[in-house]
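**Q** From first to last, the protein sequence lines stand for chains D and A.
Using the working numbering, the letters of the first sequence map in sequence onto residues 1 to 288.
Using the working numbering, the letters of the second sequence map in sequence onto residues 1001 to 1276.
Treat the hints loosely; a few may be bogus.
The calculated label-pair distances, taken between Cβ atoms and stated as ranges, are [as the list claims (entries may be wrong)]:
| hint | chain 1 | residue 1 | chain 2 | residue 2 | range |
| --- | --- | --- | --- | --- | --- |
| 1 | A | V1265 | D | G247 | 25 to 33 angstroms |
| 2 | A | G1193 | D | A232 | 52 to 60 angstroms |
| 3 | D | A107 | A | T1098 | 58 to 66 angstroms |
| 4 | A | D1241 | D | Q70 | 51 to 59 angstroms |
Read the hints as simulated data drawn from the structure, not as lab findings.
Glycine included, each C-beta is placed from N, C-alpha and C at the ideal position.
Spelled out, the chains give:
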Amino acid sequence: MTSAIAVRQLVKRFGSLVAVDHLDFSVAPRETVVLWGANGAGKTTVLRCVLGIVPFDGSIQVLGHEVCAQGKAARAKLGYVPQEIRFPGEQTVWETVAFYARLRRLAPARATALLDQWQLLSAARQPVRTLSGGMKQKLALVVALLPDPPVLLLDEPTSNLDAASRREFSVLLDQLKRSGKTLLCCLHRVGEVWKLADRVVVLEQGRKISEGPPQLVAASLSARTVVCLTVAHDRMAQAAGLLAARGFAVERNGMQLWVGVPEGRKVEPIQRLLEAGIPLLDLELGNP
Amino acid sequence: MDLHIVRTILRHELREAQRNRWFVLCAAVFGVLALALSYLGLSGLGTFGVAGFGRTAASLLHLVMVIVPLMGLLMGALSVAGEREQGTLLTLLAQPVTPAEVLAGKFAGSAVALAGSLLVGFGASGAVVARYGGMSHAGSYAVLVIFTLLLGLMHLALGFCISVVTRRTSTALGLALGCWLAMVFLSDLGLMGTAMVLKLGPAELLWASLANPIQAFKLGALRAMHGTVDALGPSGRYAADVLGTHLAPLMAAWLAAWILVPMGVALRVFTRRGAV
């Protein structure tokens, strides 16, 4: 059976930095594959290579179309949801969707139907900048789904959402999976990976270190406990510095700080922040 | 190249231009100053016995040389770098489009917006002159409009090139403003200094001055409007002697080349670099 996505010997360099190093994997039609790894593992770069919007070495095929030589044909089969909303903020929701529909020669009725289906029709006249994070992410999904593409690329679509929006968005992703779409996603929450993935490709510094169903790569997925803390944007640098000084591994990811903690010390980073007078807006454990 | 995609992006860029505060401000300043110059030109009517389109065109020439390059450069500089920094370029290039279609659509949209705003300014000024000063020298005015459009598009292309090459909007804007200062204000001084130190003759001076397309605009527009470029000194007289009646068309072609070359460079870099 032909792969929906076939990646062979993919290498992507940024100057002297090798972001993706001789990566091989494939995604079967109707399969959901999750790229898993820490920040900087190369997940987003892989998705951009699959889209053909950055130059790379190696070969990527999307439903038989070679991305390098037939990028346009390959992208016609793809929908892409980025990590953060990427539309001009002054445009209204309708202007945004209508533009991408026109670009793909789709009737405005298709845009209207999708906005209605994803509960965005009432916000059609609102500027994009006034939407909540969850609504913006839905808008990105609507744009990606406009041409009803067989393959969807999702780059950490829930990372910038609050807990409620994230739950809602996870349900939407599950619906897409059940509708028969082929999904290639970068996800960072283990719970979402377990729920959604048919197969996980674990990346570390651009190399594939393991691949298989979530159960088989569970050791990689739960190698550490991650406490995801949401603090006010203007206190993030202070909070990250404080926790790093206490010996915690801290990564900034969108609106959150991810703090790697040994078992039995999950509460400690929270205590440290509260002692320092840094209020917590939300928290979540990264493990299932 | 799929013209449907180019047209769609063109329309989108036109809408975005209306939301671009830099562009709207510059277009408004140009329109107001063009109108003011036409009224000032008409105020001399009867005192000197010379007015109408000829005087207004001569006055507008200097305004055009300062404002139009700034409009083109700023608009171009903001085009790609701004979208790259916001991340909107990533979403656009993730669609079934080619970099050439995106760049062509964005340039065409910006070009239509720029040309439209200039034509509104010229149109308003021209209507005032026609109403109160008559139609004398209307041809000169039309020639100035054509050369101004070429000058604007040429600077827009240069701005696009800057925008594609740089990664940040602030860098692109800084470079665009630097280019504007160098081309509009510093190049004459540099040329004078070089000519004095190296004792350049009229021929060398002419070719050196043409490195700055604003000089080509000045030569071409003055020649076409007044038939003489004596006001530009020895290099102007040399250009008129050597190139004769071909001077104005050649300068127009030179300006057109200044549109194609930066856009060619921009396309090459844009195709190689993509959205990041």
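**Q** It remains to establish, for every hint, whether it holds in the given structure.
**A** Going down the list of hints, with the structure as the test:
no., hint, verdict
1, A:V1265 to D:G247: 25 to 33 angstroms, "violated, 51 angstroms"
2, A:G1193 to D:A232: 52 to 60 angstroms, "holds, 56 angstroms"
3, D:A107 to A:T1098: 58 to 66 angstroms, "violated, 24 angstroms"
4, A:D1241 to D:Q70: 51 to 59 angstroms, "holds, 56 angstroms"
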